[in-house]
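K.L.:
First to last, the protein sequences are chains X and G.
Start counting at 1 in the first sequence, then tack on 1062, and there's your number in our numbering.
Start counting at 1 in the second sequence, then tack on 1062, and there's your number in our numbering.
Derived from the structure by calculation, the hints contain no laboratory data.
The list treats identical chains as one, so a pair stands whether inside a single copy or across any two.
Simulated pairs of lysine to aspartate or glutamate, DMTMM-like, Cα-Cα distance not exceeding 25 Å:
#1 Lys1139 - Glu1213
#2 Lys1345 - Glu1316
#3 Lys1345 - Glu1262
#4 Lys1345 - Asp1253
#5 Lys1261 - Glu1285
#6 Lys1278 - Glu1262
#7 Lys1205 - Asp1105
#8 Lys1342 - Glu1321
#9 Lys1345 - Asp1099
Protein chains: 2
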Amino acid sequence: MPAIVECVPNFSEGRRKDVIDRIVFSIRSVPGIKILDVQMDPDHNRSVVTFAGGKENIQEGAYRGARAASELIDLTKHEGEHPRMGALDVLPFVPIAGVTMEDCVEIANKVGARIGKGLKIPVYMYEAAAKRPERANLENVRKGEFEVLKEAILTDESRYPDYGPRMIHPTAGAIAVGARMPLIAFNINLDSKDLKVAKEIARKIRASSGGMPKVKALGFYLEAKGVVQVSMNLTDYTVTPISKVFETVKAEAEARGVEVVESEIIGLIPLDAVCDLAAKFLKLGGFSSNQVLERRIWA
Amino acid sequence: MPAIVECVPNFSEGRRKDVIDRIVFSIRSVPGIKILDVQMDPDHNRSVVTFAGGKENIQEGAYRGARAASELIDLTKHEGEHPRMGALDVLPFVPIAGVTMEDCVEIANKVGARIGKGLKIPVYMYEAAAKRPERANLENVRKGEFEVLKEAILTDESRYPDYGPRMIHPTAGAIAVGARMPLIAFNINLDSKDLKVAKEIARKIRASSGGMPKVKALGFYLEAKGVVQVSMNLTDYTVTPISKVFETVKAEAEARGVEVVESEIIGLIPLDAVCDLAAKFLKLGGFSSNQVLERRIWA
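Let the sequences and hints guide you as you build the complete structure.
P.N.:
See below:
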């Protein structure tokens, strides 16, 4: 099976479709690259592109995407709720098949160095590719966003970039380049209008407040549905499986007299994570994703 | 996405590896054919080969497999517990992707006609490809096996073949060619040594005694594990989902004071069936197998 690396750049543009089309076109122009998903979010004025390739062409695709974004997006004119510091804001590489996390760290470093040198954009390495431990956390890298960073990068040693000039790019800002496990965006809706319930459960389960490792969670009220939601990012499903997250949220809700209405997976989910859920449901012994018929045909 | 048809021939030889190797080699010799699985069963003296291809080359692969079996297997010398009437015994075509059941019925008829004419082997169309309603059920087609059929085919109108000579092939017997949904072999082990419990539950759930449609079930005692097992074939998981089968067996067991120890999927399972289980577990709304990352990359 050939190696598959996934790359998930986040761009600070979610409204002008022609801009995102041109960026996607520049990525797709690399032979062997497959665009898997493009999600434009006008509210956050941000787009997430997901593409896959091999160990070499994924680097070229990522670089062309960064270059197109630096030519087409002016961050000084960008407004949107989501924290950001660059036209291309974050650029993670994800191991999918036949490739290790170490491979992805190496790929991230090669691309980061090339962006710094070729596009004159400062680059911060984050998550598994972080060169300073505090930068493993993207929030630390992006603290104060574009507006604060453009001053801090000049004088604050803790904000010096890992690659590229020690000066913000005037319109493209700075880029966080990293390597991470596939991220699963998972939301659970609860049969309650009490935002406190969702916020309490989110605080209880998320890693940052002592809950389950590799779980990020926030509580929201969904106006349209009239229910509250625990909205989560699972950053390593091999450490904390989805089944455990679901059962924990369900138990916490029931302890508050609240039921789970439904849940949703936003975007893509790795096959192994789906198989793990099926195996837990049925108490399957010795089951593997290698038993999935289509996998045998396609791989 | 290109059309994918699966073909699952059952051969009456489960002991001589060189024979099965030569049959598999003859199937694989067709360009674009992918062998997915080969299972030799020495006890039943029977082998199941699973392969996939497109609408055209799957026909050539199936024909070459039938021809090789007719040259290498002599049914007059075959012994084994499993009912059988041919060297190549059954030859079902299964719609996987971008292809309908009607397409598979057409493919089965083309291959059946070619085998009848080219190899001089009588062919009976079964399941979705049956030309007589009673032949939808394979057991009716194979009644009395090779030994009875070789006389009956000469005089009994109800045993006349759909294609090929009205006379058994002296060494290759007869072949049942059909079209069906992917079959899922699913077993549930129960924490009991009482064979009666497994047999009772099997009788309660199987279609043939008024249980759930598209479910076949038998009860066994597993000597090695010291537990009983409900052993099932699910012949259309879109009609009776695996989750419903599991929950029904679990409830029936619990009503008898027995717990489910574990379950197992034997062989392959379609991606949609795995996704359905994950969706049921998490109460997922609007989830589809199109959200599986690898599917986007491979398909």
